[in-house]
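Protein chains: 2
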Amino acid sequence: MFKEAPAANIISMKTKLPLGYRSAGIHCGVKKYKKDLALIVSDYPATAAGVFTLNKVQAAPVLISKKHLSESETFHAIIVNSGNANACTGDRGYFDSEIMAEQTADILRIKKEEVLVASTGVIGEPLPMEKILNGINMIKSNLIQGDEKDAAEAIMTTDTFYKAESASFIIDGKEVTISGIAKGSGMIHPNMATMLGFITTDAAIERDTLQSLLKKTTDKTFNRIIVDGDTSTNDMVLMLSNAASGVVITKGSVSYKTFEAELFQLLKKLAVDIVRDGEGATKLIEIKVEGALTDEDAGKAAKTIALSPLVKTAIHGEDANWGRIIAAVGYSGIEFDPAKFEIFINGTQILQKNFIVALPNAVANQTLKGNQIELVIKLNEGNESANCWTCDFSEEYVKINGSYRS
Amino acid sequence: MFKEAPAANIISMKTKLPLGYRSAGIHCGVKKYKKDLALIVSDYPATAAGVFTLNKVQAAPVLISKKHLSESETFHAIIVNSGNANACTGDRGYFDSEIMAEQTADILRIKKEEVLVASTGVIGEPLPMEKILNGINMIKSNLIQGDEKDAAEAIMTTDTFYKAESASFIIDGKEVTISGIAKGSGMIHPNMATMLGFITTDAAIERDTLQSLLKKTTDKTFNRIIVDGDTSTNDMVLMLSNAASGVVITKGSVSYKTFEAELFQLLKKLAVDIVRDGEGATKLIEIKVEGALTDEDAGKAAKTIALSPLVKTAIHGEDANWGRIIAAVGYSGIEFDPAKFEIFINGTQILQKNFIVALPNAVANQTLKGNQIELVIKLNEGNESANCWTCDFSEEYVKINGSYRS
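Quick note, the sequences are listed as chains A and B, same order.
315 is the number that numbering that gives the first Met the number 0 gives to position 316 of the first sequence; each next residue is one higher, with no gaps.
80 is the number that numbering that gives the first Met the number 0 gives to position 81 of the second sequence; each next residue is one higher, with no gaps.
Isolated chain A (complex conformation) (with noise of 0.2 Å):
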């Protein structure tokens, strides 16, 4: 079970900063002890992207920061606070929002525009606000280059660890480094289910370039992460490019193949560390679909039996039950012939075409043993193949969350 001691032996936090980045994580007091205010700030003006939660019911730092997205050309800062979502508030946490950025520009001088805020926690209870604008101002002495461990922490809620990663490579001769801290997903206390990823590189990044590089790796990384379904109002994943490093990456060079490649690789890294930290998760699932008609099929064949109870608590329980995935991947509304099915765990085939049963139950059940898995389904039906990641479903997850509150 890595539940036990993941952080330590399996799980690397690189919080190295960029360039030109400087961050602080302490405590204000929404929550009794742990820290709970965050800030980013860019020394040099930034471009800015970010990809937000599709739920309709958007917490009010979602609609503030895309709307600074919309307004300003540059960023400067990103305010995070945990213990409150600041969601189903209404106008008064719209106003609250915009509060907690104009307060960063002020201790910054710069303009609330170039604030992104971010919120996590409960839903449906104001800010308090006292403490907040208190901790604003105290955190500019806490700001440090470099590293941004303290801002890891200071996002988390119910996280048992923080999640961060860092990469540094060559292009054109000079170091570029991306750096991203995340936080975790709907597991326990969904109520502090947001999920949050911050981004800061040195490389120069026009702003489109930005955000399609931004949209198109969280795609494959924050978006294929599949807990329970529920998503919540307050998701957001930001990014800041600050030029500090003097390498500029144009959308179709070579350099940017690479900066694309190292980003969807720190990406993948905090989103999978995400999968990891849930509650009451005992196994991180990888689930890849081969050989789909189209992508768009992969995708959904692999989300279909990622969101399957029946497939999570089977696989929770070692039973390589593949009557179970199949049935998913009949109801995902793809089309397929199941008599071409094929079943491998771990890399090990369990399931051949014509439903013909590789292994006894007894021994395709061990390929389910340990904490990692990998499933593989091959349609044979084209060439498109798409994969996500989750986690088993425990009676553990049932008690948290049915206690919660409580």
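Any given hint might turn out to be false.
A pair holds if it fits inside one copy or across any two, identical chains being indistinguishable in the list.
[Said to hold, decoys possible] Straight line, CA to CA, 20 Å or less: simulated EDC-like cross-link-like pairs of lysine to aspartate or glutamate:
#1 Lys352 x Asp90
#2 Lys148 x Glu101
#3 Lys55 x Glu380
#4 Lys377 x Glu295
#5 Lys111 x Asp42
#6 Lys339 x Glu124
#7 Lys55 x Glu295
#8 Lys352 x Glu124
#9 Lys130 x Glu101
#10 Lys250 x Asp218
#11 Lys287 x Glu373
#12 Lys219 x Glu97
#13 Lys65 x Asp336
#14 Lys66 x Asp105
#15 Lys173 x Asp336
#16 Lys55 x Glu334
#17 Lys55 x Asp336
#18 Lys55 x Asp90
#19 Lys55 x Glu341
#20 Lys256 x Glu205
#21 Lys173 x Glu259
#22 Lys30 x Asp207
#23 Lys287 x Glu129
#24 Lys55 x Glu395
#25 Lys66 x Asp336
Keep in mind the hints are simulated off the structure, nothing from the lab.
Knowing the structure of chain A, use the given hints to seat chain B on it.
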């Protein structure tokens, strides 16, 4: 908790058959000890209608019953085995289902196209045909008039009680009867999770009218119960109409309205019993979405709430967590203004417009005590409404589904 003694106190099972029908249920050996073969016979040629699973993976009996419905005008029998679904069994499975129909036709001296076939049980194993054919030879001598309790028992898999309902009423001065038996859905042992329903009436209803009646009423009953969102390879509801009462039901007539209302009530009773019988379930939940812009929106919102593991675990834990309900509607894909949202639980308003919490949490949680929960969501956007039934999500669900086969 109604799980303790539901059958005796709360749930009535009326097993009266309409005129001109006989039924039987016996043990033939697919299961170890329990009844596993059911036969319903109409002594008069009946019209028939069927509604089938939308899963792309369709079991052999689904294919055969659809084929016969398209080939024949009249029907005399429904043969059903439990214990083995005959799904994912390829050409051999198709042939086996055909043989089941043929043998049933032989003993009744009818045509094989006049027989409809259903199966439920484990997936991926061939039917034990010797036992089934012996069973079909034996079952004829067990056929009785007037009652279908044995048949109702013989179609059960992991159901804890059989589901049956019968209603007699007067049309044009004559008594008409509708009866139905059903079996449960995907809470436990979901390889045996098929939902089956077999409805008989002694009214005379022309084929197309019968089909549209069955489609319309199942859409608002069997298709409105949501256990875990996984749909089976074998689901079907079949209906026979044999004219033995002498009452003719024609489309658009007053008697048609009466008949439709009775059929709806009967199917609703069977459907709700299926939800009630979910292993691990402790609460029956009716979700009503009112004030939607369209009928489709209302249905989408209701189903999304019913499918949300976060809502279902919260209700299990008696936590009136309105944020989860709003968030679920938020990702259902419908248009609405969250600030207009109102929530009532068992008649008590817990959320008012503009996110005003109507009651302290501890008081609101009291509305979730007991084993029947009515959750009403008022969107205040339009005039359309929809409802569905589901049950809570318990630790036991996970335990049972994880340890199946182990």
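Practice task
Just pull the numbers of the violated hints for me, sorted ascending.
Solution key: 2, 12, 15, 22, 23 and 24
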